[in-house]
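Undergrad: Each chain, written out:
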Amino acid sequence: MRHFLVLCCTLLALFSTALVAQQTSPTQPAKLASNDPSGLSMSSASLTKTTEQLLVQLTRAKLKQSLTLLEKIAHAEGTNMLPLFDTMLAGNLYFIKRNNQLISVVKNGNQKHYHDLLTAKALEPLPKKAIKKIRVNNKIRVYLRHIIAKLKLSDDDPAARIAALKSLLNDLNAPTIALIATLRIEEKSHAVSAIMDLALSMNQALNAPLAIDKIRAINLLERSLEPQVRNTLTLISDQYAGSEDSDALSIKKAADKALANIQQTTAMYGYIDQLFFGLSLGSVLLLAAIGLAITFGMMGVINMAHGEMIMLGAYTTYVVQTLMPNFLEYSLWVALPLAFIVSGCVGILIERFVIRYLHGRPLETLLATFGISLILQQLVRSIFSPLNRQVSSPQWMSGSLEINPIFSLTYNRLYILAFALLIFFALLFILKKTSLGLNVRAVSQNRDMAKAMGIRTGRVDAMTFGLGSGIAGIAGVALSQLTNVGPNLGQSYIIDSFMVVVFGGVGNILGTLVAAFSLGIANKVLEPTTGAVLASIFVLVFIILFIQKRPKGLFPQKGRSAE
Amino acid sequence: MSQLSKLFSRKANGVGPILPFIVILLVATTASILGNLLFDPSSIFHVSTYTITLLGKYLCYAMLALAVDIVWGYCGILSLGHGAFFALGGYAMGMYLMRQIGDRGVYGNPELPDFMVFLDWQSLPWYWQGMDNFGVAMLIVALVPGTLAYIFGSLAFRSRVTGVYLSIMTQALTYALLLAFFRNEMGFGGNNGLTDFKEILGFRLQADSTRIALLAVTSIALAIALIVSHLVLKSRLGKVVIAIRDTEARARFLGYRTDKFKVWLFVFSAVIAAIAGALYVPQVGIINPGEFSPLNSIEIVVWVAIGGRGTLVGAIIGALIVNYAKTKFTILLPEVWLFALGGMFVLVTLFLPKGLTGLMSQLHQKYLKKTVTETDEKTVGSRV
Numbered sequence: 000m001r002h003f004l005v006l007c008c009t010l011l012a013l014f015s016t017a018l019v020a021q022q023t024s025p026t027q028p029a030k031l032a033s034n035d036p037s038g039l040s041m042s043s044a045s046l047t048k049t050t051e052q053l054l055v056q057l058t059r060a061k062l063k064q065s066l067t068l069l070e071k072i073a074h075a076e077g078t079n080m081l082p083l084f085d086t087m088l089a090g091n092l093y094f095i096k097r098n099n100q101l102i103s104v105v106k107n108g109n110q111k112h113y114h115d116l117l118t119a120k121a122l123e124p125l126p127k128k129a130i131k132k133i134r135v136n137n138k139i140r141v142y143l144r145h146i147i148a149k150l151k152l153s154d155d156d157p158a159a160r161i162a163a164l165k166s167l168l169n170d171l172n173a174p175t176i177a178l179i180a181t182l183r184i185e186e187k188s189h190a191v192s193a194i195m196d197l198a199l200s201m202n203q204a205l206n207a208p209l210a211i212d213k214i215r216a217i218n219l220l221e222r223s224l225e226p227q228v229r230n231t232l233t234l235i236s237d238q239y240a241g242s243e244d245s246d247a248l249s250i251k252k253a254a255d256k257a258l259a260n261i262q263q264t265t266a267m268y269g270y271i272d273q274l275f276f277g278l279s280l281g282s283v284l285l286l287a288a289i290g291l292a293i294t295f296g297m298m299g300v301i302n303m304a305h306g307e308m309i310m311l312g313a314y315t316t317y318v319v320q321t322l323m324p325n326f327l328e329y330s331l332w333v334a335l336p337l338a339f340i341v342s343g344c345v346g347i348l349i350e351r352f353v354i355r356y357l358h359g360r361p362l363e364t365l366l367a368t369f370g371i372s373l374i375l376q377q378l379v380r381s382i383f384s385p386l387n388r389q390v391s392s393p394q395w396m397s398g399s400l401e402i403n404p405i406f407s408l409t410y411n412r413l414y415i416l417a418f419a420l421l422i423f424f425a426l427l428f429i430l431k432k433t434s435l436g437l438n439v440r441a442v443s444q445n446r447d448m449a450k451a452m453g454i455r456t457g458r459v460d461a462m463t464f465g466l467g468s469g470i471a472g473i474a475g476v477a478l479s480q481l482t483n484v485g486p487n488l489g490q491s492y493i494i495d496s497f498m499v500v501v502f503g504g505v506g507n508i509l510g511t512l513v514a515a516f517s518l519g520i521a522n523k524v525l526e527p528t529t530g531a532v533l534a535s536i537f538v539l540v541f542i543i544l545f546i547q548k549r550p551k552g553l554f555p556q557k558g559r560s561a562e
Numbered sequence: 000m001s002q003l004s005k006l007f008s009r010k011a012n013g014v015g016p017i018l019p020f021i022v023i024l025l026v027a028t029t030a031s032i033l034g035n036l037l038f039d040p041s042s043i044f045h046v047s048t049y050t051i052t053l054l055g056k057y058l059c060y061a062m063l064a065l066a067v068d069i070v071w072g073y074c075g076i077l078s079l080g081h082g083a084f085f086a087l088g089g090y091a092m093g094m095y096l097m098r099q100i101g102d103r104g105v106y107g108n109p110e111l112p113d114f115m116v117f118l119d120w121q122s123l124p125w126y127w128q129g130m131d132n133f134g135v136a137m138l139i140v141a142l143v144p145g146t147l148a149y150i151f152g153s154l155a156f157r158s159r160v161t162g163v164y165l166s167i168m169t170q171a172l173t174y175a176l177l178l179a180f181f182r183n184e185m186g187f188g189g190n191n192g193l194t195d196f197k198e199i200l201g202f203r204l205q206a207d208s209t210r211i212a213l214l215a216v217t218s219i220a221l222a223i224a225l226i227v228s229h230l231v232l233k234s235r236l237g238k239v240v241i242a243i244r245d246t247e248a249r250a251r252f253l254g255y256r257t258d259k260f261k262v263w264l265f266v267f268s269a270v271i272a273a274i275a276g277a278l279y280v281p282q283v284g285i286i287n288p289g290e291f292s293p294l295n296s297i298e299i300v301v302w303v304a305i306g307g308r309g310t311l312v313g314a315i316i317g318a319l320i321v322n323y324a325k326t327k328f329t330i331l332l333p334e335v336w337l338f339a340l341g342g343m344f345v346l347v348t349l350f351l352p353k354g355l356t357g358l359m360s361q362l363h364q365k366y367l368k369k370t371v372t373e374t375d376e377k378t379v380g381s382r383v
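Line order of the protein sequences matches chains A and B.
Be aware that the first sequence starts at 0, since it is given in numbering that gives the first Met the number 0, and climbs by one per residue.
Be aware that the second sequence starts at 0, since it is given in numbering that gives the first Met the number 0, and climbs by one per residue.
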């Protein structure tokens, strides 16, 4: 029992450090969390008298006067007035005739939503006659676009500037280009100026008067992966197609070359993407198989109820989330140790009451544990209903890490990959460096000798089985973030996890790691050409054939521990 | 060939030990058929057509259990994929039945089954050719699962994959087939499988007489399978197989090609399973990929374990009892069935390693021993 406690403590410590690390990480600025339905939060700083007057004037102004008014407002208030400009550009700006209050009216399907422009507070629906639209014409629209871009581009936050620039890439026009060119001179952030250069080059490539400038700009573009760049280059290539002019030919050639380069890079990132998905699938397989690598690999127990240990872990997550709905962010950190304990205890019970009596009879063990898996499934079905349960992901696990415009890694898959490796190495540490691990290895290598040396083999068996099952429970917490949590969750992993362990070589934990990742990657590499189902069939058939050739797996055990 | 004849040369004990069971089986079948034909529904002796079909289904399961028992009980090969052979046999029969529908399908296409018309296929795939011929279809029923078993078996047994590894491989096999048959592109009706059958050999499948005939055929097939298996396993070949089960290495060192014995036994068993599948499909009227699911295959093993492995009759009795219990449970207490099934797995492996027949013979022996010791004492006493 002492070992088990030590183990729990180690794991708890691990998680708590991870928790602290999580809290201090700056992934979640408060700004993003604010939940504004209309996106119209205007800073509530009181407006100056003159601005208020200007706004009132705006409601009564004629189209011709609006422009000057807007210029004055922009000059006075700067970024504070972005919501006004945005709403006006979208044609949603209205005012209440009675008190000149500016409001936004957003039509969503058949419903209209009313918000106060300055406070972004939702308003009661207003009769059509009580409000009046502030009209805009093309000239004003052009100005609004310009001023919005300008305001956003002078935002203090570089990330905001980048976002503004990226949205501008879609329609670059002369005033924006001029604006970018002026801002470029004073830009300090490297990332921002890179995009500015990109925008300028795109403009040059399209509009430069001299062919040589165009070609230079095109050559600069060949490393960019933005879809807009690809469109521009295709446009240029089409524009000069069929032309006899030598300048035109060389421009077209440059554009085609740049396009080919981009295509190549895109293809390369496609492969990297596949690789990542393969690694992600591999980490799932690893998580599913890692507990089995102990119970089946080290102890030789054919535990068909292994999948149900994973399922119990996933259901523990569900229960934890239902019990503490207000602390979703931390629910996983509570669920992890709990799942370890729940699955571990169930594992110990199974070992003490069933498996112990079937020692040395692997086929009988297989049948008995299969029976247990049926009982556990039905138990979950009776308690929680046969339907899938909803397990939600905390905020920090959603979203994705954008590496470049065509390649991004989703956070949940990244975290689970890291988590699988963490668990794996923690387990490796336990097995190689702790006394429990030593005992486990001794018993698995030579039971009688271990017994003669005074190891209480029965207890070690129970602890080992508990450890393997507990880790399956932890895997269940992680997998609940990727798949549906239902009574059949475990069943869908059991065959895969046995395949991984057998393929890697029974009794070899490192083999399990290699097998999990190679099967995951093989599956994902095959998938685009064969389709998902056929890919998994191929992998299964491959393993069946492989086991015929090398019955002991990739890394067979050598020396004394081999039979 | 001489080797082969030598193997069978040793005179088997005949069908003596299983004869009572076969008689019971045939009498029970005849009785239920007569009960259906002669008595009108109000009579207590009447056997409804529903029961007749149910009986037929049970007998198919019994045959499947027999197939598993042959390899598991006598050769120690625990196959968790015998459902695959059963389902393959079923699919072959299903293909024949599909072709018999002709233009009576929903789309009325005389050549293509409904699901192919639905998938906009222009012509029959090559493997559907000739399946409208009953003889060809029956050949396929035995041939395809047999070949699969031969390939799988010879690969596995030659490289000496045994025990648990083999079990997991067989499970992977049936899982791979499950995934494959779910695909529409395979041309076996995908998710829905093959159904809506109309007639077999020109007889309407819904007709009572056809159902009775199917039960009779199934019963006879089971009897034949039992007799043949019994003869095979009691012959010299059977002795070698049992020797392999007990110590494969020793049998190998004595000069037997153990892998060949195992392969052929595996093929034999697969063909029996396939025939069971072929008889099953016309009675239940549908075959879909669900039959390939690993759970089904493991359930078969439980029938055998409960009945008692290593005794052919035991496997059959196990299949009948468990399936009867399943029918009752799923009607009365559907929630409890999986608990009961799971509990049976655990309890039988823990407390009844030889199954019900083992229990019977244990009790029998105990009784015998008692009488033997009594007589011994008597004789000893009289001598003194």
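The hints are simulated quantities; they were obtained by calculation from the structure and are not laboratory data.
Quantities reported herein were computed from a predicted structural model and do not represent experimental measurements.
Take the hints with a grain of salt, since some may be wrong.
The calculated lysine-lysine pairs, modelled on DSS-like cross-linking and capped at a C-alpha distance of 25 Å, are [unchecked claim]:
hint, chain 1, residue 1, chain 2, residue 2
1, B, Lys-259, A, Lys-551
2, A, Lys-96, A, Lys-151
3, B, Lys-233, B, Lys-259
4, A, Lys-120, A, Lys-165
5, B, Lys-197, A, Lys-548
6, A, Lys-111, A, Lys-71
Undergrad: Taking the hints in turn, state whether each one holds.
TA: Hint by hint, here is what the structure shows:
1. Lys-259(B) to Lys-551(A): Satisfied, since the Cα-Cα distance of roughly 22 Å is no more than 25 Å.
2. Lys-96(A) to Lys-151(A): With a Cα-Cα distance of about 31 Å, the restraint between Lys-96(A) and Lys-151(A) is violated, given a limit of 25 Å.
3. Lys-233(B) to Lys-259(B): Holds, at about 18 Å.
4. Lys-120(A) to Lys-165(A): With Cα atoms ~29 Å apart, Lys-120(A) and Lys-165(A) exceed 25 Å; violated.
5. Lys-197(B) to Lys-548(A): Distance of about 46 Å is beyond 25 Å: violated.
6. Lys-111(A) to Lys-71(A): violated (31 Å)
Checked against the numbered hints given earlier, the structure breaks hints 2, 4, 5 and 6 and satisfies all the rest.
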